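Protein chains in written order, with the UniProt record's numbering: chain A, 1 to 107; chain B, 1 to 657.
Bear in mind the hints are in silico, worked out from the structure with no lab data behind them.
Don't take each hint at face value.
Restraint-style ranges between C-beta atoms, simulated for each label pair [what the hints assert, rightly or not]:
hint, chain 1, residue 1, chain 2, residue 2, range
1, A, A77, B, A255, 21 to 29 Å
2, B, L276, A, T83, 26 to 34 Å
3, B, R630, A, L69, 47 to 55 Å
Counterexamples of contact, computed for chain B against chain A with all Cβ distances above 12 Å [to be verified]:
hint, residue
4, S79
5, V263
6, A569
Here the structure is a predicted model, which means the values were calculated and not measured.
We treat Cβ as the ideally placed atom computed from N, Cα and C, and that holds for glycine.
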Amino acid sequence: MAEMEINWAAIASHPKFVELHRAKMRFLVGLWVVGATSYFLLLIGAITAPGLFNTKVIGRLNFGYLFCLFQFVLSWAIAVYYTRKSNKEFDPLTKELVELIIKEKSQ
Amino acid sequence: MRTLLFSLVIGSVFGSWALAATPPAKPTPQTVAVASTQTPAVAAPSALPATPNNPGATAAKAPAAAPKKMQTNRGFTISMFLVIIAATAGIVVWASKSTSTAADYYAAGGGISGMQNGWAIAGDFLSAATFLGITGLMSLFGPDGFMYSVGIIISFLTILLIIAEPCRNAGKYTLGDILAFRSSSKAVRAVASLSAVVVSIFYLLGQMVGAGKLMQLLLGIPYKASIIGVGALIIVYVALGGMKATTWVQIIKAALLMFTGLVLSIAILWKSGFNLLGFFDSVAASQAIQDHVRGVMKHTTAEPGFDYGQRFLELGLFFKNPLDQISLGLAWILGAAGLPHVMMRFFTVPNAKEARKSVVVSMFLIGAFLIMVSFLGFGAALYVTPQQITALDKGGNMAGLMIAQYVGGGAGTIAGDLLLAFVCAVAFATILAVVSGLVLASSAAIAHDLYVNVVKGGKADQGTQIKVARVASFFVGAVAIVLGIACENLNIAQLVGLALAVVASANFPVLIFALFWKRFNSAGIIAGLVVGTVVTIAVLMVSPNMTYPKKIAADAQKVVLAMEKKQAAGAVLAEKELKALEKARLDYAQNKNGTSLVGLDAPLFPLKNPGIVSVPIGFLVTIVATLLFRNRREEEMFEELFVRQTTGYGVAKAAKH
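Let's have the full structure, built from the sequences with the hints guiding it.
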């Protein structure tokens with residue numbers, strides 16, 4: 001296969017690639033940690049902090065129930081934020097890199 | 001050949017319906033009444049008062065006179081089922097015409113759009129267990145069921161942020177492709193394939209057992225006949241239609257399910273005058289719910305000043321152990337992302353951007369559905385009452401169907417029966433679709449990983465590949481039928497939970513390291529997959545999920561002693577109580593000398609979910625094995641995988657053939 005001739009190591013250490021990968025990882029892992037933390041706070045808090053979780057907020061609806069609802073909103077918000085960021089920042093950078101690979105291949 | 005197989009299986013499906021004409025020989029203990037016109041309602045009065053969980057049921061006075069069976073209109077229900085079967089069979093025939101290469105068969109030729117794939121992923125997650133199980137959990141234990149739903153939506157964060165795009169960029173048809181990218185070891189392929197089959201079978205069994213139970217309860221079809229019928233249909237669907245048919249069946253079913261959820265939740269809100277706060281006020285004010293909560297909390301007499309209605313709206317009525325919660329949370333957040341049939345979906349879209357879009361679409365669909373399900377659960381508690389729900393099924397699995405019948409006008413009304421029949425048919429479509437996806441994933445693992453790449457060294461022409469995949473799906477389906485019949489009395493939720501825990505402890509660490517860790521190698525892959533799986537199953541074997549006969553005997557003895565004490569005090573036992581006494585004596589005699597499957601008297605591990613132990617062990621073993629057996633060649637290959645999975649360069653190869 002012709003692709004075997006590509007110097008993958010050179011691309012992997014190319015500043016543009018390193019920059020894209022770092023930015024992506026920081027962003028993705030950061031968002032994941034936010035989501036995961038809030039989920040475990042819900043799971044643990046529901047049992048260990050009944051005082052807070054049972055506080056009525058609106059009518060009969062308590063903090064625990066609203067926290068569950070919030071998890072849905074949070075997940076959706078993360079999904080939308082990630083899509084926007086990818087479309088605006090990561091995708092153009094990725095495109096540049098693919099062009100770089102193709103250039104490398106043709107040499 | 002194809003038409004022969006098709007007519008053969010259709011014949012056996014209808015055969016199982018013909019079998020259904022004979023009333024079921026022996027209902028399972030959970031089946032309180034079998035809904036069939038021929039079978040009279042057999043109420044099992046001993047079932048409820050005897051369980052410590054549901055003493056509330058005896059305390060309830062409100063709707064005590066109502067019948068304890070699900071009344072269905074068999075004509076409606078069977079017609080709806082036939083419509084579903086005809087529609088899905090049509091899709092299969094259509095899809096089979098355009099399936100000519102392996103890429104078509106496993107990945108629909110990469111021609112599924114992000115939007116379509118999003119609906120299909122939503123379909124994979126919205127199984128009958130999700131729809132019926134969570135509605136039931138909420139109708140009996142309030143928002144704890146909602147907290148369970150949160151696990152599903154949160155699991156998508158891992159899929160979205162970590163798995164979807166790299167998988168699309170690095171893989172072809174299976175997890176084995178990603179793992180084998182750097183490793184040329186045949187053992188890696190073989191282990192990856194076995195692992196995918198084991199996980200899918202566990203997951204699939206949960207669905208099959210549920211399908212059998214549902215059909216038995218709704219149509220009066222005997223359990224075995226239901227399993228054989230469902231299994232045969234699925235074999236035809238997968239063998240002929242491949243990924244394209246599976247995807248479209250999944251899309252249509254997801255749309256039906258969304259529509260059902262929407263109609264039912266609007267009906268419930270309409271009944272409460274579209275006043276959400278008022279709706280929750282009436283839930284808390286319901287005498288039946290208050291009695292039920294008092295029963296769940298084991299308060300024999302009402303504690304003065306305690307707001308039992310409000311307690312129903314609070315968390316922690318069902319989930320009580322924080323460690324178990326963390327364990328369950330780990331299984332969801334790490335496990336769902338590595339399920340073979342879910343990963344496979346990302347190979348059906350043309351690029352990473354569409355993969356991303358499909359996850360986002362499915363997140364909105366699934367989230368919206370789960371929120372609608374929460375209305376169904378509360379609505380069922382308020383309008384059907386927990387007592388009625390547990391009278392039909394102790395686990396509450398019939399709550400979703402009962403509320404459908406209720407909002408349509410109740411049993412016996414045309415709208416009520418039609419709506420019930422519709423929801424039953426949707427539940428059936430759901431089972432067909434989800435199991436098809438699982439059978440396809442297993443057959444891909446066997447045919448693509450094991451046969452083509454291990455046995456044939458990657459050299460097999462397109463025709464052979466598809467033929468082998470079809471044969472494999474036939475065998476997986478056959479195994480599913482045999483195991484489904486054998487596992488009739490297993491707890492369904494346990495099987496699905498086990499599959500998630502195995503993936504979180506074995507497949508997930510391996511997948512993550514394969515994508516992101518340069519030093520990762522074959523030794524790590526094999527050790528991680530094998531040890532992760534074995535440890536998870538081992539922990540589960542000694543956990544409280546297994547049946548411990550000595551515990552059953554001890555509980556039965558308590559009932560016997562209490563009743564005898566009552567008799568000794570001169571009280572005359574009611575007929576109901578006498579039956580309970582008889583049953584308890586029998587239970588005691590049968591179980592007093594028994595041990596669990598692995599010979600234990602009591603569980604060694606205190607939690608229901610093994611994740612908190614098995615996930616760290618899985619990660620640790622994978623890391624240690626990698627470091628012990630360093631492989632320079634595989635490290636050198638990392639850069640290529642790394643660049644490819646980040647940029648998506650070279651993926652078109654898999655999509656276009």
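Evaluated hints:
no.: 1; hint: A77(A) x A255(B): 21 to 29 Å; verdict: holds (25 Å)
no.: 2; hint: L276(B) x T83(A): 26 to 34 Å; verdict: holds (30 Å)
no.: 3; hint: R630(B) x L69(A): 47 to 55 Å; verdict: holds (49 Å)
no.: 4; hint: S79; verdict: holds (36 Å)
no.: 5; hint: V263; verdict: holds (21 Å)
no.: 6; hint: A569; verdict: holds (39 Å)
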